[in-house]
Structure formats: structure tokens, C-alpha cells
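2 protein chains.
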Amino acid sequence: MQNDLHIYNSLNRKKEEFKSITPNFVGMYVCGPTVYGDAHLGHARPAITFDIVYRYLMHLGYKVRYVRNITDVGHLENDADEGEDKITKKARLEELEPMEVAKYFTDRYHRNMDQLNVLHPSIEPTASGHILEQIEMVKVILEKGFAYEKDGSVYFDVEKYNNDFDYGKLSGRKIEDLLQFTRKLTGREDKKNSFDFALWKKADTNHIMRWASPWSDGFPGWHLECSVMGAKYLGERFDIHGGGMDLLFPHHECEIAQSNAVTGHDQVNYWMHNNMVTVNGQKMGKSLNNFITLDEFFSGDHETLDSAYNPMAIRFFMLQAHYRSTLDFSNDALNAAEKGMNKLFETFNMIDDLTPANESSVEVSKFEQLCTDAMNDDLNTPIVLAHLFDLSRILNQVNDGKEKLTKEDIEFSKSLLQKYLFDLLGLKDDKDKDDAQLINYLMDTILNIRKKAKENKDYQTSDQIRDELEKLNIQIKDTKDGAKWGFK
Amino acid sequence: MQNDLHIYNSLNRKKEEFKSITPNFVGMYVCGPTVYGDAHLGHARPAITFDIVYRYLMHLGYKVRYVRNITDVGHLENDADEGEDKITKKARLEELEPMEVAKYFTDRYHRNMDQLNVLHPSIEPTASGHILEQIEMVKVILEKGFAYEKDGSVYFDVEKYNNDFDYGKLSGRKIEDLLQFTRKLTGREDKKNSFDFALWKKADTNHIMRWASPWSDGFPGWHLECSVMGAKYLGERFDIHGGGMDLLFPHHECEIAQSNAVTGHDQVNYWMHNNMVTVNGQKMGKSLNNFITLDEFFSGDHETLDSAYNPMAIRFFMLQAHYRSTLDFSNDALNAAEKGMNKLFETFNMIDDLTPANESSVEVSKFEQLCTDAMNDDLNTPIVLAHLFDLSRILNQVNDGKEKLTKEDIEFSKSLLQKYLFDLLGLKDDKDKDDAQLINYLMDTILNIRKKAKENKDYQTSDQIRDELEKLNIQIKDTKDGAKWGFK
Numbered sequence: 001m002q003n004d005l006h007i008y009n010s011l012n013r014k015k016e017e018f019k020s021i022t023p024n025f026v027g028m029y030v031c032g033p034t035v036y037g038d039a040h041l042g043h044a045r046p047a048i049t050f051d052i053v054y055r056y057l058m059h060l061g062y063k064v065r066y067v068r069n070i071t072d073v074g075h076l077e078n079d080a081d082e083g084e085d086k087i088t089k090k091a092r093l094e095e096l097e098p099m100e101v102a103k104y105f106t107d108r109y110h111r112n113m114d115q116l117n118v119l120h121p122s123i124e125p126t127a128s129g130h131i132l133e134q135i136e137m138v139k140v141i142l143e144k145g146f147a148y149e150k151d152g153s154v155y156f157d158v159e160k161y162n163n164d165f166d167y168g169k170l171s172g173r174k175i176e177d178l179l180q181f182t183r184k185l186t187g188r189e190d191k192k193n194s195f196d197f198a199l200w201k202k203a204d205t206n207h208i209m210r211w212a213s214p215w216s217d218g219f220p221g222w223h224l225e226c227s228v229m230g231a232k233y234l235g236e237r238f239d240i241h242g243g244g245m246d247l248l249f250p251h252h253e254c255e256i257a258q259s260n261a262v263t264g265h266d267q268v269n270y271w272m273h274n275n276m277v278t279v280n281g282q283k284m285g286k287s288l289n290n291f292i293t294l295d296e297f298f299s300g301d302h303e304t305l306d307s308a309y310n311p312m313a314i315r316f317f318m319l320q321a322h323y324r325s326t327l328d329f330s331n332d333a334l335n336a337a338e339k340g341m342n343k344l345f346e347t348f349n350m351i352d353d354l355t356p357a358n359e360s361s362v363e364v365s366k367f368e369q370l371c372t373d374a375m376n377d378d379l380n381t382p383i384v385l386a387h388l389f390d391l392s393r394i395l396n397q398v399n400d401g402k403e404k405l406t407k408e409d410i411e412f413s414k415s416l417l418q419k420y421l422f423d424l425l426g427l428k429d430d431k432d433k434d435d436a437q438l439i440n441y442l443m444d445t446i447l448n449i450r451k452k453a454k455e456n457k458d459y460q461t462s463d464q465i466r467d468e469l470e471k472l473n474i475q476i477k478d479t480k481d482g483a484k485w486g487f488k
Numbered sequence: 001m002q003n004d005l006h007i008y009n010s011l012n013r014k015k016e017e018f019k020s021i022t023p024n025f026v027g028m029y030v031c032g033p034t035v036y037g038d039a040h041l042g043h044a045r046p047a048i049t050f051d052i053v054y055r056y057l058m059h060l061g062y063k064v065r066y067v068r069n070i071t072d073v074g075h076l077e078n079d080a081d082e083g084e085d086k087i088t089k090k091a092r093l094e095e096l097e098p099m100e101v102a103k104y105f106t107d108r109y110h111r112n113m114d115q116l117n118v119l120h121p122s123i124e125p126t127a128s129g130h131i132l133e134q135i136e137m138v139k140v141i142l143e144k145g146f147a148y149e150k151d152g153s154v155y156f157d158v159e160k161y162n163n164d165f166d167y168g169k170l171s172g173r174k175i176e177d178l179l180q181f182t183r184k185l186t187g188r189e190d191k192k193n194s195f196d197f198a199l200w201k202k203a204d205t206n207h208i209m210r211w212a213s214p215w216s217d218g219f220p221g222w223h224l225e226c227s228v229m230g231a232k233y234l235g236e237r238f239d240i241h242g243g244g245m246d247l248l249f250p251h252h253e254c255e256i257a258q259s260n261a262v263t264g265h266d267q268v269n270y271w272m273h274n275n276m277v278t279v280n281g282q283k284m285g286k287s288l289n290n291f292i293t294l295d296e297f298f299s300g301d302h303e304t305l306d307s308a309y310n311p312m313a314i315r316f317f318m319l320q321a322h323y324r325s326t327l328d329f330s331n332d333a334l335n336a337a338e339k340g341m342n343k344l345f346e347t348f349n350m351i352d353d354l355t356p357a358n359e360s361s362v363e364v365s366k367f368e369q370l371c372t373d374a375m376n377d378d379l380n381t382p383i384v385l386a387h388l389f390d391l392s393r394i395l396n397q398v399n400d401g402k403e404k405l406t407k408e409d410i411e412f413s414k415s416l417l418q419k420y421l422f423d424l425l426g427l428k429d430d431k432d433k434d435d436a437q438l439i440n441y442l443m444d445t446i447l448n449i450r451k452k453a454k455e456n457k458d459y460q461t462s463d464q465i466r467d468e469l470e471k472l473n474i475q476i477k478d479t480k481d482g483a484k485w486g487f488k
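Line order of the protein sequences matches chains G and B. Numbered according to the working numbering, the first sequence spans residues 1 to 488. Numbered according to the working numbering, the second sequence spans residues 1 to 488.
Worth flagging that the hints you see were computed from the coordinates, not collected in a lab. No experiment lies behind these values; they were computed from the predicted model shown. Treat the hints with care, since some could be wrong.
For identical chains, the list gives no copy identity; a pair is met inside one copy or between any two copies.
[Stated by the list, open to error] Straight-line C-alpha distance at most 25 Å; calculated PhoX-like pairs for lysine-lysine: (1) 480 to 404; (2) 452 to 477; (3) 484 to 471; (4) 191 to 480; (5) 471 to 160; (6) 150 to 484; (7) 202 to 139; (8) 407 to 451; (9) 402 to 471; (10) 283 to 150.
Only chain G is shown next, with the shape it has when bound in the complex (with noise of 0.2 Å):
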């Protein structure tokens, strides 16, 4: 496939031409959510992120196999104080169900990701549904001696792996290091090494997630299920592994060491990652305050908010920084990309009101090169943005008379904006909003003339509104800030 697309690989450190392995043909993984709270920006980003990568994959015409996990593996206890023969006793339906509670939030993110106007993935595997599959690469792990078992728990050997492969090749962190800063190791603890990591975990009595395996009745890693479920439906090689930038170590690390162990082989060619959102400049934190989840963007339910937000507007503003770069969210930014968004929508609407002209006095056929060139260095969607921005403009002068463009070019204006806007950056026109917008734009126009007639002693005009309205169930109020409407 003929393409110029770049983008930069974490493994590598720097930008690269892409090429797929199989010839027209993609596989990604994204690392998505767990499933035990509600989305918030954190999820938003890589959702968005890696959204965009899947739409211009297609649009270059790739056909992609977009696996995207739900990690609803948790760590959930039963109330240990409760002790275990009260446990014990308990009927089944009494207890937590994890799983009732994974599903319940996983349908919570995926009609957020729906509001975020997020394509579906191809495959949504889940971790829990995935334990055999876990468990056989646990096998093979032990066999090939990058892991050793103690009291029902199975541990990868870091250091062992080490001198086969090069572990930190990811994060650029080495063995030296972490064996030399990372805590000493208690007396409880079963690992030889702080850095070595869990594949199977035995689990305590309290611990309600549990199936049963080889050396326990216990749970996989955390680590082990990406590798898993990557192999499993992209192969033991494949082309893009994306995620959050606090994945990249330990997460993606041990994922890289996991596959190596396996197969002896690199299992991802590309290795993508989004960086992370800040809010007022801060971290976000429970304990800060400013864990604001996606539901309270959009209904402006929380403290830090001085209004809800379009969903459109959350993805236009994630779109307005390179995914490489931190995010910090404010109110002021937030609304800045309200504002911009809904500038490049009024033109798109305007376009089909221009008058051609014989003869363009301007050159719009560059945006098409522009916009390509900006998207194949590494997604550049702020700068697509600024170039569609640029567009906007030169539609507005035509508008105003000041600039002339003739049919074809405002045509080829249209579908460019329509290819990008709404094709490939994935915002729409939120025709709902619309609606509920122009119900008020019109009872303004209503109340307006009503008022004009009041003034001028039109009792007759205004009487007529008034039983018109009561029809609808609309009532008016008159308040001393003026005239309110509501459905009675």
C-alpha cells in the first residue's frame, strides 16, 4: 500500500514510515478500560486517540482488526470482616458479583464512548473470558524457565529473561537500576526479585474472582491478558500496540517480556502511546477533587464545572493537541473548543449559500496536501485543524464578498471539510442539541413579538400568543426579568 503515514514509535524513539506486515492488512491492540469506576478524560484520550489512527488506517485503505480489552478481571473482596463462615453462609444472590458490577460500568463506558462519537473495535475481548487461554501461556512461560511457581503463584523471572532478551528496552529502564532502587523485599513476599511480576496469582480466601488452574484456585496478572488476547486474535506478530503513556512501564514492558518469552520474538511492531491529561494544571486525583468522570462533563455535575460540555466538544478539544503531548484540561480551554467546533460547523452549513464565481481569487485546492501531510507526520490533528480553520476563513470572506471561489472549488471546500470533519476526526453535528436549541431560539422570537405587542398595546397579538402557546402546554411566566417560558 502506497501511503506516507509516519508515526512515532515508542520502542524506537522516534517517527518511522508504517508498513504493515500483511500487505493491506492491520492489526492494533489498545489497552482499554477496567471496568470497577466510571470513564473519565483518561479513558476519553486513548479512546479518541487511537479512534483517529483507526479511521485514517481505513480511510488509507487498510482493512484493521481493531482489538480494544475490557479488564474486568478486578480485585473485588468480599467484606473480610464479616469472616468467612458468615461469607460462606451467605446465599449466592446475596453476595457481590463482580461481574454485575463490570457490566454495569462496562454499558456506562460504552454509551460514553458512543456520546464521544468513538467507533466500536472489531473485538472487545474480555479479560475474565480469557482465562484458559491465560493459563496455557503461563504453561509455556514456566516451561521454557522464565518463571517459577511459589505456593500457588506463578512469577515471571525478570532477571533471567534478562540475560536472554533485553528487558527495559521499552521504557529504557535497566535491570541495574531497578535492582538497585526499587524497595527491598519483605519477608512475606514469595517473588526472589521487587521487579518480577505475578502471572497467576493464588487467591485469598476473601478474594471472590478466582478459577481454578494448576497451582491454585487464583487469577492471571494483570499483565498476561493483553498478551494473551493480542496473540489470540492479531497473531504472534502484529503491527500497533497503543495505549496511555503510564501504561508503558511496567504494563507494556512486561507484555513485550511475556511475548518475548513465549515466542522469542517481538510481538508488536509499533508501539503507540498517548500522553495524559491534567486538570487546572494538576494530576488528576480522587483526593484533589478533580476526578471529573466523562457523565459529569456532559451534565456539568460537578464543582470544578461552570457548565456541562458537548461531548463534541471534549473530543474537538483532545483533538486540538497532538496525542503526544499533555492535555490540560480548564473551563476557559473547554470553552475555547466549544466555540471553535461550532465555527467550523456554521460554515460547513453555510457553504451551500455561496455564490460561485467564474473565477477563484484564492487557492483552497492546498488544503487537500495539507491536510494529508499533517496526518501522515504522526496524526498531526491540531495542525489539520488549523489548516481547516485556515479554509473556514477564506469560506467567510467569500461569504462576505471579500474573496470569489468558482462551484468546483467550493465544492471541493465541502468534501474536504466533510472528509475531515466528520469522516476522519469524528465529529458530528449534534442534531438533538440542535433541535432543543432551536425550540428556544423560537420561543425567543415569540416572546419577543409578545412583548413588542404588550408595548404598543396590541392586547389583541398578545392575547393570541398566549392561547396559541396554551395549546402547546406552554405557560408564561412574567418576571421581573422578563417573560420565562415552560411546559406546564
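Here the structure of chain G is known, so what remains is to put chain B in place on it, guided by the hints.
Then chain B, alone, in the frame of chain G:
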């Protein structure tokens, strides 16, 4: 919990008082879709039937854990014509991936269920996500002596089971009859008897979905997943198992056998089965070209359909028949349902306009008990709807001045309609449609005022209206049929 709910138990073939095993809790398992095709009326009916059960049990105060599974272990095969050699040489990404197909149809099923306003179940486990648990159950059934292995596959030994238990207790089929009437086994089969069923099947070379097991690389028999997931999430004994009547035999019969083989006792107290849907009197079938998907109903895009149907009309249509009756779809029946439903919605929307009287001329309080009785009588929704139509008729007579109701009776009527129409029967009055309608009404209002102003030669008002609408990009055209409006 005090209630008079009686439900028809397929196990005993009579209506029985409902008593939950654990006070205040209900565990309910319903067979969900096989996600290798689009949902049709045959999927909508159990989903809506058990949505009503779910809503009503919660209304009675039960905490309900509702499990509805997804059957995603299909029997897709690689194209045998290509030969094994070619298949194994294919890149992983070029192969058909069953989970990609399953994800696609699961998402579409979920969207359809949302359109039908079916509440999400508490847990929605997948068959592929419980292979380990299924293998564990096969092991136990083998240990207990109710199954045998043959060439990598494991079969349930129905004859052996029938010596200790009663095979056929749900369907009323006797093993002697089955022995006599089922076809003779050909030499190629591994089963001892034709009515034995697979617990584990060894996968052919071309079979894509396969997992490692003690017996072979293979896949679980279809009946197993429900026994396993019911036990895992609801316990060894739970209250209600539902599904379509077509699943009663062999699927549910086999589930009972499996669970009894493992635990020595029945797993389910109440078996509930919804009846089938026919189309113009005929069974649905692809060959009859009457196999209409829900999407086709909602879009009207099928030659059998006169028009598109609102999902709520489908829901209402189904609720107009008792779930144990067959239901015949026709355009006439569906149009009548939509009309009836809209009539009830209109009445509901009109109630606030009724003028209260000092005394009521007609009794409405009786409808509470009448509706409760109907629901308690095996969820008799058609009777509930008949009562709501009666109440609606009275309310319209009040509106016409032919009957009188007090403020209390009006409010009672409104809350009763609210409770049944929206909360328990799960209907909804489509909001988007309402917005569009309201915009039309408001524009009518504005154009009426403009017309009157013009008649009165009040050009200041008519010009003001024109200017205000201009700002909203709304253009008015005066035609011989009056003023029309549209967006510029």
C-alpha cells in the same frame, strides 16, 4: 415478601404462586441470542417478555439478578475448498475471526434492544468467556458417571441418567418414545444413542473456534453454557429460567439433565417459556422470505412491510398478546397496535388539561387492583392494556364533559398510567419525534400571528417576525396554500 404473583411453570404445567428461594432476592436466567445474525421478532419476544418479568419483580421490591447470556461459540468453519495447506499459510489477519463477527452482531443486538427499551440484564456472560468453567463441569459429569468419552468428544449418557433421574420431565417426552422414534445411528457416529448429546466436541481441522481440553482441542456442546453460567452467577438453585418455547426441548431438557447430574437436584424452580411469533400465519423462515429483522421493521425496508414501524409499536404489539400465546404479525395488526398506543399516549398527555370536579361521576380507583391482578396472573399484559384503554376512555369522556373526576382521581389516573405504560410495560413516548413536532407547532404559532398581523395591516409585527426568523436561517414563503417555512 408479600405478593400474589402467580406464574405458569412449564415444569409442572400450571400456574404457581411465586416464592423466591432467598427472601427479597430473585435470580433469573434467560437464554439470549446467538450472535451470528441480525435480531428478528423471534429475538424481540423473549427479550420483551422477560423485561416485563424483570421490571415487575423489581416493582414488587425484589433485588433481581438477571443473567442473559450471549451464545458466541458458533460453528464457523474455514472454507474447506481452499484446502488445509492454504488455510495454514494465511496470515492471522486474513482469516475469518469469529469473535469479530460476534462483536458486530452483539453490538447490533444491543442497539435493537435499546430501541425496544429493554433494560440491560445485570450480567451478560458469553459462552466463549466460560470455557474453563464448562470444562470443569464436563469433568464432574464424567466423574459422576453420566457421560462417556469417544475419540476426543464427550457425550451425555441420557439412558444412564434416566435410570437415576427423570429425563423428559420438562418436555414430557419419554425416553422410551425417543428410543423408538429417533433415527437410527449411522456407523459414523460416536454416540451410543441418538438422543445422547455432546458436552464437548473435538474440532475438525476446519473448525475455527477451539480450546485446549483434557479430551481434545475442541469446543463445548451448546447446552452446557447455560447450566454453567446459571450456576456460576445465580447458584446451584435459583428461581426463574426463561426462554423461547423452541428451546424447551432439547435445550432446556438437557440443561436440567446436566445440572441434576452434577448436583443431584434441580437447579431451577420456575421454568417460563414465551410462545412463538408467526408472520401472516406462517412460521418465520429464510426460505419463505418472511424472515424480517428488527432493523428492517424499524426502517420499513422489507417487501412484506407496508411502512417503517416505531420500535415502541413492536413492543406494544407484543404486549397486546399474552406471552404464552402465539403472536401473528401482519401490517394490519402492527398498524392497529401503533394507533392504540398513540391513543394512550395522547390521553396521558391530555390529563393535565382536565378540569377537576368536586365529585367524581365514575370510579377509577378500581383500576389499580384490576391491573395488579392482571400482572399477578402470570403477567397478563393484554388484560392490563384492556384496563388502561378503559381508563383512557373515561378520561376522554371527562375531557368531553360527559363524566367528572376530582383532582385526586385525575392525579391517581395519571400516576397509574405513568406506572403501567412507562415503568412496568416499558413503553416510551419518543422524545426526538416530540421535539420535531414541537418545532412544527411553534412555527405554526408564529405563522398564525404573522397572518393575523398582515390581515390587520400591522406590518411592524410581520416584519419583526420575518427578521427574527431570518436570524435562525428560517425562510418563509407565501404560497396559495398559506405560508410555508423551511431552513435556508
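(request) At 25 Å max between alpha carbons, let me know whether residue 471 reaches residue 160 within a copy, between copies, both or neither. (result) neither (80 Å within a copy, 73 Å between copies)
(request) Have a look at residue 480 and residue 404 and pick one of within, between, both or neither, based on CA distance no larger than 25 Å. (result) Intra 44 Å, inter 38 Å, cutoff 25 Å: neither.
(message) My question is about residue 150 and residue 484: at a cut-off of 25 Å on alpha-carbon distance, are they close within one copy, between copies, both, or neither?
(response) Intra 72 Å, inter 79 Å, cutoff 25 Å: neither.
(message) When Cα atoms must be at most 25 Å apart, do residue 283 and residue 150 count as within-copy, between-copy, both, or neither?
(response) neither (37 Å within a copy, 60 Å between copies)
(message) Within a copy, between copies, both or neither: which one fits residue 191 and residue 480 at a CA-CA cutoff of 25 Å?
(response) Neither: 73 Å inside a copy, 86 Å across copies.
(request) Measure nothing new, just compare the shortest in-copy and cross-copy C-alpha distances for residue 402 and residue 471 to 25 Å and report within, between, both or neither. (result) Result: close only across copies, 21 Å inter versus 47 Å intra.
(request) Check residue 484 against residue 471 for me: Cα-Cα at most 25 Å, and say if that holds within a copy, between copies, both or neither. (result) Both, since 17 Å and 21 Å are each at most 25 Å.
(request) Since the copies are identical, ignore which copy is meant and state whether residue 452 and residue 477 lie within 25 Å (CA to CA) inside a copy, between copies, both or neither. (result) both (16 Å within a copy, 24 Å between copies)
(message) Treating 25 Å as the Cα threshold, decide for residue 202 and residue 139: within, between, both or neither.
(response) Both, since 15 Å and 22 Å are each at most 25 Å.
(message) Within, between, both or neither: how does the pair residue 407, residue 451 come out at a Cα-Cα threshold of 25 Å?
(response) Classified as neither: same-chain Cα gap 38 Å, cross-chain 34 Å, threshold 25 Å.
Checked against the numbered hints given earlier, this structure breaks hints 1, 4, 5, 6, 8 and 10; the rest are met.
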